[in-house]
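Asker: Here the protein sequences line up with chains G and E, keeping their order. Residue numbers are given in my numbering: position 11 of the first sequence equals residue 11, and the series is strictly consecutive. Residue numbers are given in my numbering: position 290 of the second sequence equals residue 290, and the series is strictly consecutive.
If you are wondering where the hints come from, they were derived from the structure by calculation, not from laboratory data. Positions of the beta carbon are idealized from the N, C-alpha and C atoms, including for glycine. A couple of the hints might just be wrong.
What the hints assert, rightly or not - What follows is a list of derived Cβ distance ranges for each label pair: (1) G:Gly109 <-> E:Asp271: 46 to 56 Å; (2) E:Lys268 <-> G:Ala24: 56 to 66 Å; (3) G:His140 <-> E:Arg263: 53 to 63 Å; (4) E:Glu272 <-> G:Gly151: 28 to 38 Å.
Unchecked claim - Chain G is faced by these chain E residues, among others (derived, beta-carbon under 7 Å): (5) Asp65; (6) Leu200; (7) Ala211.
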Amino acid sequence: MSPATPSPEQRINVTQLFTEHYDALYRYLVRLTGDSDLAADAAQEAFVRLVERPPQDRHLRAWLFAVATNVVRDTARARARWLKLLSASPDRAPLGDVPALPDTQAERGERRTLVRAALERLSWKERTVLLMREEGFAHHEIAVAVGTTTGSVGTMLARALNKLSNELAPNSESLK
Amino acid sequence: MNLTAGSRPQHLEDGDLVAYMDHQMDRSRSRWAAGHLEGCAECAARMNAMQGRAGALSAWLEAVDEPASDERRALAMAAVERARFRSRASHGWVNRGSLAAAAMIAMLLTVAFGTLPGRAWVGSAVERLGFGGPGERPTETAPSAVAVPGQPAAPVADNVAGVEGETAAPTAAGRTARRPGLPPGMSAPVRFNPSGNYVLLQVDSRQRVGAMTIWVQNTTNAEGQIVAGRTGETLEPLADGLRLRNTGASRADYTVTVPTRYRYIRLKIGDEPETTIAVSRANRAWLWTVNLAASEGS
């Protein structure tokens, strides 16, 4: 008698996957949304779904990123936050007096604002493909996550890279 | 790629440059693109520019990064553990529901035919459903596995996976010593009942991977279970808690439920110094995840 094939739930070591991928998933989602609370919610939801509805898919890392991306895109809460983010000025000033920042910190804050604003000007798909590429995903995995063909991912990536470069070029010698 | 049959290859498109740069072209296309780049200064320059742009953007993107805090990580892990508990519980009810349906059918058959095997099967199924007493859960509590304070605890029965359909003999307590099969890698829950105001959780050693989730809740019974990855690990009730017999090669995950009536939990892993976790009576349901992996500490 052949040994019983373990179910997906038995095959997946969630603790190990969490240890290995949570930080990268959270980083990707912060870059994607610009909202650390939303990023944390979506990352958590992806791992909860992994427990509740474990996939047959063996590419669990790509599955986690795709699910988290969909969570961010689809939930009503996410939409509300997106609207808030899009309507807000990219250089939203904090309420009250601005604390005096050391030069390096101010520089870092300025850089962050520039990149955030540039990312916001990309379309959802452009941002997703670009940021998934940054996390080292293959084009076929990116294609599944954004619902397109593998062949068109290169074109989307090129467009996103060029667009983001053009946005940041005025502030970067290496991008001019 | 601008390549049509019978024509000379045109320049590479931007999408092709990215696919080539990311090593995402199949072998023949990649070979063709490499050949073209060698002979076409314009495409080679565009390729260099694209590579430079991609590298510079990677550095720029780090500006918006925010590392995940320990608190966020812990909250997410706790949510995952809660999902595991829910998942376990729902699977338990599925099994129980299936058995209930099967028992009902068998009862009808027995009433219809009055056969002795039918009656025996129904009796067994009803016992497995845990109808021996009000509000009981189908938990493994073989008398030999329960430690009596002041006396050495007897070892717990081994994994009962793979005994589906087997009719076990009722114990003196009128309950079955074995229950229908559990999934591979999971053990039957083991109850323990320390009489003091603390619970001792004694783990033989750190292991390769895996975690123990301690769930403190307003419940009656203290209980432990191996929920995944079991390869010979056992849980042994002690007079004042529970012993987890594992090895350095273990990869299992464990859950332990501790009632809020205890004041604190003493956690001892191998030869490491003991850790004490205070139990808050105000917080009626909370989780504490202990990473058992040797390389990462608790």
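Asker: Looking at the structure, which of the earlier hints fail to hold?
Answerer: 2, 4, 6
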